[in-house]
Amino acid sequence: MQAGNEECPVMAMAGSDIERLIKEAFPGAQVIVVDLAGDGDHFAARVTSESFKGKSRVQQHKMVYDALQGQMGGALHALALETIIPK
Amino acid sequence: MASSTSDRINDLISRNDVFLFMKGVPAAPQCGFSAAVVQILTKVGVPFESIDVLSDPFIREGIKEFSSWPTIPQLYVKGEFIGGCDIVREMFQAGELTALLADKGIVAAAS
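Order-wise, the sequence lines are chains W and G. Numbering of the first sequence is given in the working numbering, commencing with residue 1 and proceeding in unit increments. Numbering of the second sequence is given in the working numbering, commencing with residue 88 and proceeding in unit increments.
Take these hints with a grain of salt, some might be off.
Stated by the list, open to error - Simulated crosslink set (DSS-like; lysine-lysine; CA at most 25 Å straight-line): (1) W:Lys53 x G:Lys130; (2) G:Lys165 x G:Lys110; (3) W:Lys62 x G:Lys110; (4) G:Lys165 x G:Lys191; (5) W:Lys23 x W:Lys55; (6) W:Lys87 x W:Lys62; (7) W:Lys55 x G:Lys165; (8) G:Lys191 x G:Lys130; (9) G:Lys130 x G:Lys165; (10) G:Lys191 x W:Lys55; (11) W:Lys87 x W:Lys55; (12) W:Lys23 x W:Lys87.
Since the hints were made in silico from the structure, they are not lab data.
Please take these sequences and the hints and turn them into a complete structure.
Quick look at the structure:
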């Protein structure tokens with residue numbers, strides 16, 4: 001079994017880290033991160049970016065997961081994600 | 088991922104029109120995200136099969152590699168990865184999930 005599965009997080013992530021990683025990967029994106037439970041473990045993020053244009057929902061979410069550099073499913077246990085293409 | 092795990096995953100998603108990799112079982116989900124997808128599928132009224140990844144560590148890790156998707160639950164329709172909880176919920180709310188199932192010729196029991 002791989003190390004770092006969601007059952008044994010090394011450490012929780014700060015909401016500011018999530019926001020920074022996403023903003024670095026999506027320049028000019030609007031990023032809102034909310035710590036849902038106040039426990040540093042359950043977040044919601046809304047990312048609005050032009051770079052989602054022409055991508056399927058699965059592709060859009062994968063782009064954000066990639067930006068989080070493997071933390072999703074690891075240190076970051078729960079991230080409810082919404083991706084939006086600006087109008 | 089061992090080829091046997093990959094074969095098992097392929098078998099599960101090809102033998103079942105609607106298949107859910109989840110934590111727990113539909114009657115007793117062990118995670119809020121899995122519970123949400125079960126609830127949506129129940130509302131849509133489509134029959135589905137599932138596997139409890141908590142009871143099978145090989146499937147649990149293998150499915151993430153299989154789909155390049157880092158989390159569970161994962162919903163498959165006719166062998167195709169549809170999404171996790173957020174996407175399934177968005178599609179349901181937009182009426183796209185019902186449309187997708189109809190497109191694929193899968194009939195819901197109730198509406």
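Checklist entry - Among all the numbered hints in the text so far, which are the ones the structure does not match? => result 1
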